[in-house]
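S.K.: Here is how the chains run, residue by residue.
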Amino acid sequence: MIDSRRPLPPDATATVGEGKTPSRRDFIRRAALTAIAAPAAASIISGCDDDRKKSASSGQPVQSVASSPASPKSQIPAEHGGTLPTPAAGSVSATADAMDAMHEKGIKAFPARTAGKGGQLLPPRMEKGVKVFEVTARKIQWETEPGKMVEAWAYNDQVPGPQIRVREGDRVRVILHNQLPESTVIHFHGVEVPNDQDGVPFITQPPVKPGQSYSYEFTAPNPGSHMYHSHHNSAKQVGLGLLGAFIIEPKQKRAIENVDVDYVLILNDGMHGYTFNGKGFPATEPIVAKLGQKVRIRFMNEGMMIHPMHLHGMHMTVIDKDGWPQPAPWRCDTLNVAPGERWDVIVNCNNPGVWAFHCHILPHAESDHGMFGMVTALIVNK
Amino acid sequence: MIDSRRPLPPDATATVGEGKTPSRRDFIRRAALTAIAAPAAASIISGCDDDRKKSASSGQPVQSVASSPASPKSQIPAEHGGTLPTPAAGSVSATADAMDAMHEKGIKAFPARTAGKGGQLLPPRMEKGVKVFEVTARKIQWETEPGKMVEAWAYNDQVPGPQIRVREGDRVRVILHNQLPESTVIHFHGVEVPNDQDGVPFITQPPVKPGQSYSYEFTAPNPGSHMYHSHHNSAKQVGLGLLGAFIIEPKQKRAIENVDVDYVLILNDGMHGYTFNGKGFPATEPIVAKLGQKVRIRFMNEGMMIHPMHLHGMHMTVIDKDGWPQPAPWRCDTLNVAPGERWDVIVNCNNPGVWAFHCHILPHAESDHGMFGMVTALIVNK
Amino acid sequence: MIDSRRPLPPDATATVGEGKTPSRRDFIRRAALTAIAAPAAASIISGCDDDRKKSASSGQPVQSVASSPASPKSQIPAEHGGTLPTPAAGSVSATADAMDAMHEKGIKAFPARTAGKGGQLLPPRMEKGVKVFEVTARKIQWETEPGKMVEAWAYNDQVPGPQIRVREGDRVRVILHNQLPESTVIHFHGVEVPNDQDGVPFITQPPVKPGQSYSYEFTAPNPGSHMYHSHHNSAKQVGLGLLGAFIIEPKQKRAIENVDVDYVLILNDGMHGYTFNGKGFPATEPIVAKLGQKVRIRFMNEGMMIHPMHLHGMHMTVIDKDGWPQPAPWRCDTLNVAPGERWDVIVNCNNPGVWAFHCHILPHAESDHGMFGMVTALIVNK
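Protein chains in written order, with my numbering: chain A, 945 to 1326; chain B, 945 to 1326; chain C, 945 to 1326.
Just so you know, the hints here were simulated from the structure itself, not pulled from any lab data.
Values in this document were obtained by computation on a predicted structure and should not be read as measured data.
A couple of the hints might just be wrong.
The list treats identical chains as one, so a pair stands whether inside a single copy or across any two.
To be verified - Keeping only pairs whose Cα atoms sit at most 20 Å apart, straight-line, the calculated EDC-like set for lysine to aspartate or glutamate is:
{"hint": "1", "residue 1": "Lys1072", "residue 2": "Glu1112"}
{"hint": "2", "residue 1": "Lys1092", "residue 2": "Asp1312"}
{"hint": "3", "residue 1": "Lys1061", "residue 2": "Asp1206"}
{"hint": "4", "residue 1": "Lys1083", "residue 2": "Asp1041"}
{"hint": "5", "residue 1": "Lys1197", "residue 2": "Asp1114"}
{"hint": "6", "residue 1": "Lys1052", "residue 2": "Glu1087"}
{"hint": "7", "residue 1": "Lys1238", "residue 2": "Glu1136"}
{"hint": "8", "residue 1": "Lys1083", "residue 2": "Glu1161"}
{"hint": "9", "residue 1": "Lys1234", "residue 2": "Glu1136"}
{"hint": "10", "residue 1": "Lys1083", "residue 2": "Asp1114"}
{"hint": "11", "residue 1": "Lys1180", "residue 2": "Asp1312"}
Let the sequences and hints guide you as you build the complete structure.
M.R.: Here it is in C-alpha cells:
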C-alpha cells in the first residue's frame, strides 16, 4: 500500500498575510507541519525520504499572492486566504474533497491484491533434447481489479498466458490443448518459424477444434521479444486473453542486455478494459528496482489501440524493435507502442522514488474517480 | 485459390488413451493421415511442401493430456477424449464447425477476382521532353470484394488511381480533368514542387470546377515514394478514392534498392472499408516472389487511422521514411504506418511459404466470419 | 488575410477546341487572364510571385481532351467544353460553387483574429538566484476560433499556458495558485526532477485544493522540449487547457540548433476541438520565415489521439525525441506525434510560398465546409 503524505488542513495555507511572498521560514514551518501530518511512508515510497529533506524549501503549499504580474487579470476569489464564505466555498471544497478521496483510495490500494497472476514463467519439460511446453486454452473467470470478474479465454488459466522463454537454437515444442467452445490455433508472432508452424488456419494448418490438441515444433530462430497468440477469430480470442510472451534469448548477449530486472509488460485494451499484464490499476504490478540498477522492459501491445507509454522521472533507452536491435540506442520518456509491436528499453534507475508509469492517452489512465486501467509504477528504492 | 489441408476428422484425435503422452509414432501416423486428407496444395502454397516434410513430427493434432503440471486446476471436460455426451458437445462442435467453414471459405476464395485493378502503371506520353500524364476524376462503381459495389471517386476509373512513376530531374506534366460533381485539385504529397503547383485551393490555385481541366508542371525533385491526391474536401474525396502513388526514381540508386519485386501497398480505411490497394480480403492481391528474391514494399497510408502492418515469417528492413533514407536501415516485423506516411522496406524472401500479411489492429483484419479487409499474403515460392 | 488568385470564369476553359492539346500560347494567354483576375496578393503570399512567373506554362486550367489513352473508358460528359445543358450542369455548378465559397471564406479569413494568445513566454522574477514563475489556474472563457467561446481551465488565462523557458542548471521555482473548483497539481512531463517535485497526487504530494497554492522547486536537469500540465483528473483538466511548454535550453548548443525561428506547436483534441496552440483554423497562427532561414518546430501532443503532422513543400529534419537527441537526424514530411510525445524538427526554408501544414488525419483538418481545426501554414517569404 502507498500511504502518501496527507494534504494539509486548509488553515495551514491561511496563516500568511495576503500579498506577502512566503518566506523561507514559512516554508520550513509548513514542512514541519507536513512531516507531522504525514504518517510514516510505507516501504513502497521510502526511497523518497532523502529527497524530501534535500528540497525542504519546496514541494510545499504556499499562500497565493494577491496579484501576480504573470496573471494581471486574475481576481483572487473571496474564498481564498482563510476568509471563505461558507456555502459556495464549502460546496466547492466538499466536491473537491470527495473527488480527492476517491483518487486517494485508488492510490492507497495500489498494488491491490487480486486472484490470479498472468505471465508466469512456464518451465519446460525436456523430451529427448526438446523443450516441451503445454498450454491449455479454456474459458475462466479472471479478476482484473479487486472484485471485477470478467470472462477470459486463457492459456493455463492465466492472462496473459504463461511466459515461454527459450534460447536461440533450442528445439522447442508447444502443445496446445483446446478446451474452448471454438476452434483455435497458436501463431508465434515475430518468430521466423517454418511456414507450417505459423498457426494460420486454412493457410498453414487446420484449425484446432474444441477438444483437440495440436503440437507445434521448431528450432528457436531469431532472438528477441516475441509473442504467441491465437490467430483464429483473433479480434475476439486475443481480446479475451489468448496471448502471451514468447522470448528467445540470444546465444550471444550484447553488453547493454546485462540488466538487474527483466520485465515483460503486455498492454491490452479489449473486453477486459485497459490492462497491463491482464490487470487494471490499482491491481497492476509495480516494477521494483534498487537505485543504480538497470531494468529492461519488454513492451508488447496485444490490443487494438496505440498506447504511448510514459515513464516519470527517468528516461528509457530504446534498444530493440520487434526483437531486432535498433541501429543505435535512443532515448525517450514516452514510447508509442502500436498493436503487434514489441519495444525493448533499458532504464537506468538513477532517480529514487515511486514513479508513475502509464499510457499517456489520459482517458486510458484516469477518470474523475481517480487512476485506473493503464497505470503502474516504477519504484526505485535506495 | 488456396486449397489448404483439411482439418482432421474428430475421431483422429480420439485414438490415443487419456493421460498418455503422444509418442513419435503417433505423430507420424497422424502425419500420414493428414497427408491423405489434404488434397494437393494449389500453386499458391506449393512452396511449403518441403518444410512440411522436414517437420513431419510437428504441426499435427495430438491428444490432450489429462492433467498437465502447467495447468493444475484445469478440468478436462467430459466431452474430451472420444466420450462426448451428444447434445452439448454436438452443439459446441457444430458451432465451431460453422464458424470454421466461414473462415475457410474466405481463405479458399483468396485471391478473389473482382472487376477493376487499381494502381496500374500509367505510361506517359512525351511532349517536347515533358512526360505528360492525364488523369480524369469521375464517379464510378468499384468492386472492393466479390459482389460488394461501392461508389468511388476515381482517377482513370481506378482505386487507387494509376501509379505515376518518373525519374528525378524529369520534366513532368499532370493534367487533371474534373468530371466530378464537385471541384477538386491534385496535391503532390511529399513532392517538393514550386508553391503554385502544390494543389491547395485558394492558397496556391483556384479549385478546378466540375467540367474544367487543370495542368500541373514541375521538374521531379526529391526522389522516393510519394503520393498524389485531392486536397479539396479531402476527407471525403480521398476517402472515396482520389489518390494514387507518385514515385520518383532516384538518379543514383543505392545498392539496397536493387530488388526483384517493387510493390506499392496503399492502405485505406474510408467509405470503402479497410482496403489494400482498393480491395478488401479476399480480393486483395498477394505479393509473389521466389525464394532468395528481394521484395521492396512501399507502404502508403491514405486513410484516417494508423495501421501497424505485420508480416509473418520474415522481417522487414526499413530503408526510407517519406522517400528519405533512414540514417541506417533497421528491422521489424510490425511497422506502424500513420496517415500520410510512406515507409519503404525490403524483405529478403528466405522463408518459403504463404505468409499472412495484415494490419495488426485485429478488428481491421478478422471477424467471427473470418478474415476480411486489411489482409493479404506474401508468397515465397521455391 | 490570404487573398488568393480567383478561379477563372468558366468560359476561360471553353475557348480551345475539343481534342486539341492546349498550346503554350493558350497557357500564356490564360496566365495573363489569371494575373488580371487576381488582385495583388496580400503579404502572406507575396513570396510566391516569382515562382508563379517561372512556371507560367503550368498551374493553369486547360481544356479536357476528348479521349485520352490513359482513360479509355471515360465518357467526356456533355456539359464539358462549353456546351453544358443548362439545368443539370447549373445545379452541379451551383453546388460546387457554394462549397468552394465556404472553403474560400475560411482560407481568406486566415489568420483570423481571436481574443487571447496562448503559450506566451513567461518572464521569471529572480529571487536569490532562483528563477520564479507563478501560474494561476482558473476557469476562463477562451475563443478557439472567431466567435466560438469555450470554457477553459487555464494557467494565467492562456491556452496553452505560458511558455516556461529556463537553462540547464538553473534553479527554478514554479508556484501554482489554484483558483479552480477542483484540486490540481503540476507535473513536469519529461523533466527528471526529484520525486517529491513530480506532481502526482497521493504519490509524491497532496493535491492542491481550491484556494491553495503550492511551490515546486528543482534544478533544471535534462535539456529539451518538455511540458507541464495537470496530473490530477487529468483527462478533464488537461483537455480543458491546463498544459504548457516547459523548455530547458542546453548549456551547450549543438550546431544544428542554431536556428532563426524557434516555434512551439502544441497539439490538442479535447473539449476545445482540434487545436494548434489552443486555436482552430482559421484562427491558428502561421509560422513565418524568410527564404534561407532555419525554423525549429517543437511538436508537443497534449491530446488523446495521434496526429501525423504533414508539411507541404519542404521536409523536416528530426533531431530530438522527448528532448533527447536522436542518434542521427532523419528526414520526413509527415511526422506521427502521439500523446505525451515531443519531437523537435528543423526546416530549411528553401522553398518560398505559403505552405499548408496540418494533421494528415483528414477529418481533423477539413470538412465539406472547408478547412478547420488542425491546419496552419509555414510561410516562407523571399
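S.K.: Indicate, hint by hint, whether the structure satisfies it.
M.R.: Do the hints match the structure? See the list:
no.: 1; hint: Lys1072 x Glu1112; result: within (18 Å within a copy, 60 Å between copies)
no.: 2; hint: Lys1092 x Asp1312; result: within (19 Å within a copy, 26 Å between copies)
no.: 3; hint: Lys1061 x Asp1206; result: within (17 Å within a copy, 47 Å between copies)
no.: 4; hint: Lys1083 x Asp1041; result: between (42 Å within a copy, 19 Å between copies)
no.: 5; hint: Lys1197 x Asp1114; result: within (16 Å within a copy, 40 Å between copies)
no.: 6; hint: Lys1052 x Glu1087; result: within (19 Å within a copy, 40 Å between copies)
no.: 7; hint: Lys1238 x Glu1136; result: between (29 Å within a copy, 17 Å between copies)
no.: 8; hint: Lys1083 x Glu1161; result: neither (25 Å within a copy, 52 Å between copies)
no.: 9; hint: Lys1234 x Glu1136; result: between (36 Å within a copy, 17 Å between copies)
no.: 10; hint: Lys1083 x Asp1114; result: neither (31 Å within a copy, 57 Å between copies)
no.: 11; hint: Lys1180 x Asp1312; result: between (30 Å within a copy, 8 Å between copies)
Hint violations for this structure: numbers 8 and 10, all remaining hints satisfied.
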